[in-house]
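Chains as they are written, first to last, in my numbering: chain V, 1034 to 1840; chain R, 8 to 728.
Simulated from the structure, these hints should not be mistaken for laboratory data.
One should not assume that every hint holds.
Computed list of lysine to aspartate or glutamate pairs in EDC-like fashion (alpha-carbon distance at most 16 Å, straight line) [what the hints assert, rightly or not]:
id: 1; chain 1: V; residue 1: Lys1397; chain 2: V; residue 2: Asp1424
id: 2; chain 1: R; residue 1: Lys629; chain 2: V; residue 2: Asp1479
id: 3; chain 1: R; residue 1: Lys428; chain 2: V; residue 2: Glu1437
id: 4; chain 1: R; residue 1: Lys411; chain 2: V; residue 2: Glu1652
id: 5; chain 1: R; residue 1: Lys231; chain 2: R; residue 2: Glu264
Pulled from the structure, derived: some chain V residues nowhere near chain R, Cβ distances all over 12 Å [stated by the list, open to error]:
id: 6; residue: Leu1094
id: 7; residue: Ser1106
id: 8; residue: Lys1186
id: 9; residue: Lys1198
id: 10; residue: Ser1204
id: 11; residue: Thr1225
id: 12; residue: Trp1257
id: 13; residue: Val1279
id: 14; residue: Lys1348
id: 15; residue: Ala1394
id: 16; residue: Val1402
id: 17; residue: Pro1550
id: 18; residue: Ala1585
id: 19; residue: Glu1615
id: 20; residue: Leu1751
Quick reminder that beta carbons are idealized off the backbone N, C-alpha and C, glycines included.
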Amino acid sequence: MPANSALTGALRDARQGTNEGRSAPYLLYASGDFVKVHSVNTEETLGLLCGHADLVTGIQLNPHNHMQVYSSSLDGTIKLWDFMDGIPIKYYCWFQTDFFLWSDTFQLVSVKLTKGAGQDLEGKELSVVLDGVGASSKQIAFGREDSYVVSVKDVDLQVYFFKRKLLNRFSLSTAKTKGGDNRFSCVVCHPTEDCIATGHADGKIRLWRNFHHKKGYTYSSLHWHHDTVMDLAYSLEGTRLLSGGVESVLVQWHNESSCQKDFLPRLGSPIECISMSSDGVLCCTLHTDNRISIINSNLRFSRSIQGLIKSRDVKTGLVVDPRTKALVLNGEPGHLQFYSLQSDQQLFSLDIVQRQYIHQAGLKQSDLVKVAFSARGTWLATVEESEEVADPELQLKLWFYTEETQSFALNTRINTPHDNHITDMCFRDMDELGDDSLILVTTGRDCVFKVWVMVGDSDPEGNVSWSCDFVGSYHNYQATNCCFSEDGSLLAVSFEETVTVWDSLTWDLKCTFCHPPGNIRNICFGRQTCSKYLIGATDYGFLCCWNLLTCALEWNAHLNVVVLQPDPLSEHIAAVSWLSKESSLFVFKPSEPWPVYIQRNLCKEKILLAAFVPRDEPETISSEKYLWLRKSQLFFLTDTQELMTLSTKSLEERLTPSSKQLAVEESLPVTPFSVLLGKHRRQQAQEDTDLGKPVVHNKQEQASPAVKELLHTPAHVLPSASFLCTIFINSLLISKENKSAEEVADEVEMESEKAEDDSDEEDVTAMEQEDTSHIELLGEITCKLSKSQEKELRKIRKMDYSWISAF
Amino acid sequence: MEQPGAGKGGVAPLRDRRSLSRPSLRAPAPHAPMTPCGVIGACGAGARGEHAGGACAARGGPGRGEGSARAMAAPPCAFSPRGCRLFASAGPDGRLRVWDTAGSRLQHEYVPSAHLSAACTCVAWAPAGARQPPSKDGPQRKKRKSEVEGEVDKQLDILAIGTAVGSILLYSTVKGELQSKLDGGHDSRVNCVRWHQESCCLYSCSDDKHIVEWNTQTCKVKCKWKGDNSSVTCLCISPDGKMLLSAGRTIKLWDLETKEVYRHFTGHATSVSSLMFTTVKPTNESKPFDGITGLYFLSGAIHDRLLSVWQIRSDRKEKNAVMSFTVTDEPTFVDLTVSEVKEEPVKLAVVCRDGQLHLFEHILNGYCKKPLTSNCTVQIATPGDGDSTPKPVPILAAAFCTDKQSLLLVYGNALQPVIEKVSLNTSEPHICLVRDIQKVLSLKTDAAVTKVKTPVVNSEAKVLVPGIPGHSTAVKTPALGKEKKKNKRKPGETEESIEERLGALDIDVSKVKTPGGLPQTDSFAVLLVQGLESNDAEILNKVLNTRKENIVKNTVARMPIHAVIPLLHELTKRLQGNPYSASLMVRWLKSVFTVHASYLSTLPDLIPQLGMLYQLMESRVKTLQKLSRLHGRLFILVTQVAASQTVQDVPEVNQTAKLVYEDESSEEEGSDDEMIADKDSDENWDEDEEKEEQSDEQDMTVEKEINGDSDLEPENESEEE
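One chain only, chain V, in its complex shape (with noise of 0.2 Å):
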């Protein structure tokens, strides 16, 4: 059975890692049912963690190893990788005291680490530390040294202490609220002091301190968001703190005072998530519109990594764009996303409606409700309507593409082109005739299709706009969908029950068709040799086939058809069903009433939308069951806005990655600056030597106790301070002493002259002594084998001596 798989999920959670010792830090952050690794420097996607089994919902990186990531999953398992090189490296995880998880009913676990040796482990040592915990990885903290955890909810705050085991719960009364609303929203700690600093739904942070005592603890407040905080993060020191909201606006808070402080706005979307990498340097932010941006430590944006914007609901459908072959989709509100697949990213959006977007509840918002492209992708329609349910205020803009600025230009707009919501729109598709006979149908609930046209305006210019042509009803029936023919003599309307078939040319109805019970929900032409057939299916589950010749039906099954679609390059259709929880694909032939390809229990969720994209060059397919696959490739839209596509490939084969044998081994030469400061440090070693100066640290240490002791004696019991300096310069003046102790040894034995060349010696071993510490790491190997050698020798010996007793 496939497995059903997101595109591009969302980006759910994000924590930065940073290889030590090198340049490149990573960005990791959980998507769908993947991790992926990010190079922070290329957008690029390094790796993909994938094994789990469900939505990704935390991911932590080990505190003791940056290679290492930990990712619990809603498939109830936590999963260590490491993360270069994608493997899983055991599965429900070990660790140390402190391993957390939330279980379904939210409570905080603590899971005891087994060092089994086993990938596949079972926690089987759980024990709760908290009760009623927030259902957000942001509402939970460890404390400074993982010494205590808090977590908050609604109006409370709670405070575990691991060592004394003591339970602190505050609580924020609600009474004293002043018409605001504070209960928290995020909590986060400082990482060097006893600080917990809270952000709540009113936009106050409050800082906690002193809260070890249930009764004497402060807080003090920060104002300066006027909505939700939604995250908060501590820079690496704990002396800036990072804050944001659904303002779009990163504030830096410094040393805690409200009157300190840094912004970066204009950063496109409401902030969701704040993480700071574990160097300090960078801090990404997560925003909701499904976009991961990369700051600098001194607030300067660096770059983003943008998925598939999420909308609340795609109501443009899944259009393909012929001149970028990417899928255009609703994105922000009142903007169109054009995401490319070939390359999985988003080329740009468009901002269609061109107005301010105001963050408040409540607002009537315009956004696009339709669009539509011509045949070569020259004219774009769209559709706005305001969200108002009765009295919509709609608009049906053209726009054109002109190659001269390379981007699309306004050219007709027209108010309120129906009296009510717009069903449906389509272009007749032509691609040969051009387009001086490009046509545009909107069909609306106001009873009547439109056919606009391009005129050529009277001034001399030859500019071209759109008006209407051609206003058809059918017996006050509302229109719900339209569709051209191929070659775009006849056009379908469906007009509720009825399907009526136009003629193009003289806009005569030619014939209805109709198959009651139950409305018309998608109607499509067939295509190239089925273009005689007209498919329809209805509310009451049947999917109908019109011989368009004979005007009857060819046939007819019983299908919940949800979506309809026809695959412009070849004559199959697509149709999703929707029944008892599952979606099912099914692929036919207009011509033949039996499916060429089923599949059943596509996914769990209902598809909402599909699409046929034409593929690049026409893939070969042996197997004669995708041959359908063969010029586009199909994708669906979920109604958690998932995007899926059907692959012929399997799994394993998309996984080897091809191209291991290219895996360059890094060489990298060393710089002129480290050539310079490698020989500047071993001639210090050398002077260091020649001087006789040992290393001195280790004499410190050795003179450490005294000088301790001195520093650490209460001044007032301590002698005076001149009696106290000479001891006090004699412990500094031991190393010499030492040394010229050893000297003196070296005299004994040896003439004084020679010393330096004891000192030179000395520096020899030393090198030789850093060269056997490199043989020794190299020499691992060796050694293990010359173990196994010498095994095998005993073995020998054993064995002539019992060949020999034996004697």
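Following the hints, position chain R against chain V.
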């Protein structure tokens, strides 16, 4: 490596040589050879071909000339294999930039540590790797798009960069960092780097006359041999990976096993700048294919307007080029589609130094004497609207997309090129694309936070609102019978007005239309008819802007019947305009309908005649409800504001009660006041308190009054207090 005379004299005669015919080119060059300035597939001269020679001449000096000849070479650039998703170009500032071809966006920038001293001379992407064989069973799985992409990324992640000092850098474009540095192979400028298709070998050639085979895993020199007597400028590996073409001025075919020369090809007078195999299989299948015999390859040299095609033959007879392609200038970037079938033509895209792109389409089948000219020439120019003249925009590079039809064009400034995918109609011999690169480019160094583009919205866009012609037409229901569709796509042509005709006749019209004195009602009717017939706006304004109901009624009654429909059309036109004039027109309309209803009802084409008017009225009336609602709300709002202002203006009315009985519960009131004290509307409450206090005082007095003599006047009372 200094070539005497390679400076001044080396460049100047080239202009003459371009016009020479092919045979003379084969003869030994009359001047000292130039050092190459470019590498195959990775070199370019860009836009500045015109003044390149001048720059050379100005610098002078034999040694300097060589250097400047290199400096003028356009930065090396290369498309990533398999789909051309990325485009790498090394700028003259030594920085390597990787562009996203889909969005024409700078992906990232890499500055080599020695970018000022050791400029990039050539770049080459690691090969896409062997294609995976299609699986036999083909298990169906939903594919994770990103996984595949990850794979692809890994495949094209290494970029080999040759430098001017002889070292080769391997740069990972995925990680954005230097992977390794290959040192110790060359001691002079690296001219070309090529990856082997299967093994992870890298071949490089240099000015030091040597070819080096590298093992990229260990970063060590695998083999090094002398390739030519002069500098080796270009390399190409055969499709089967067993042979290597190298070129200085003569082209040599090496056997990679033995490192021995297999064939010689001579013919280029200058150093070869590009080498490419055009076929993977020999065209005649009669003989068994040994991997190399029968293949064609293409070569282009610097300062040479001809690209030569050579065939590797089993007999060593043919040493000359089998055919040649002629272009307008020195080729700087060459891309081709490899023909796999015999009948399939080879498509060749050659970008020249003058910024033009030439497209060739030819089936390679043997010898052809005449140089072939291009099927299609592509140029790009700025629109040049207004007073500015169109300027040519140089094309920097071009590559065929995987569908072998559309092209990726890189044009504009080398520092910030525009990358566009175009599908061209190659049947036209000359194509000029107009691109406004000023508007396309936004010279910004900072990365944008979001990728939001704003489409152009200018005033030229037509706006259709309900009631405007073209917004809607009459609803046609199928019950209405079949009518012939009117072609409304052409706007109705307006006839010349009488005034214009008279003006054309050169008659003094001012005398004709001075009516003198106030117009009477009957003259109004005449005027109206005249105005309608002549379509004279002045007369019509005079008549139609009247406000008197009586005059309107009389005029309409007296006008002839044939003028009714024109009048209605005129009224419709005026109704669509200013709402103020619409209110006047409605009166006319009303009287027309009341007086001429019987006539109108007799008209057979009444519905199309009055359809526009009907829709106009409909759309106007539809908003009436909303408008009246809005009007009501605004009215309330305005009156409220006005009322509050008047309240403020009016001096406060004395609200003190004349008679108040005081209860015991006054303390409670006080506590209430305290509670409310920190509310926002403090002032009002304070005022009230004051008032209450006042009233308390007055109460006392009143009580006194009650207790005391009521006859006493208040003034006296106060005096008493």
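Results for each hint:
1. Lys1397(V) to Asp1424(V): 12 Å, holds
2. Lys629(R) to Asp1479(V): 14 Å, holds
3. Lys428(R) to Glu1437(V): At roughly 13 Å apart (the allowed maximum being 16 Å), glutamate 1437(V) and lysine 428(R) satisfy the hint.
4. Lys411(R) to Glu1652(V): 15 Å, holds
5. Lys231(R) to Glu264(R): Satisfied, since the Cα-Cα distance of roughly 13 Å is no more than 16 Å.
6. Leu1094: Given that every Cβ of chain R is farther than 12 Å from that of leucine 1094(V), nearest at about 19 Å, it holds.
7. Ser1106: Serine 1106(V) clear of chain R: closest Cβ-Cβ about 16 Å, beyond 12 Å.
8. Lys1186: 31 Å, holds
9. Lys1198: 43 Å, holds
10. Ser1204: 24 Å, holds
11. Thr1225: The claim holds: threonine 1225(V) sits with its nearest Cβ about 32 Å from chain R, beyond 12 Å.
12. Trp1257: Since the minimum Cβ distance to chain R is about 20 Å, tryptophan 1257(V) lies beyond 12 Å and the statement holds.
13. Val1279: 16 Å, holds
14. Lys1348: For lysine 1348(V), whose nearest Cβ neighbour in chain R is about 19 Å away, the distance exceeds 12 Å, so it holds.
15. Ala1394: Holds: least Cβ distance 23 Å, greater than 12 Å.
16. Val1402: Check passes; 18 Å lies beyond 12 Å.
17. Pro1550: 23 Å, holds
18. Ala1585: The assertion about alanine 1585(V) holds, with a minimum of 20 Å to chain R.
19. Glu1615: Per Cβ check, glutamate 1615(V) is outside 12 Å of chain R; nearest 14 Å; holds.
20. Leu1751: With a cut-off of 12 Å, leucine 1751(V) remains clear of chain R, as the shortest Cβ separation is near 55 Å.
Of the numbered hints stated above, none is contradicted by the structure.
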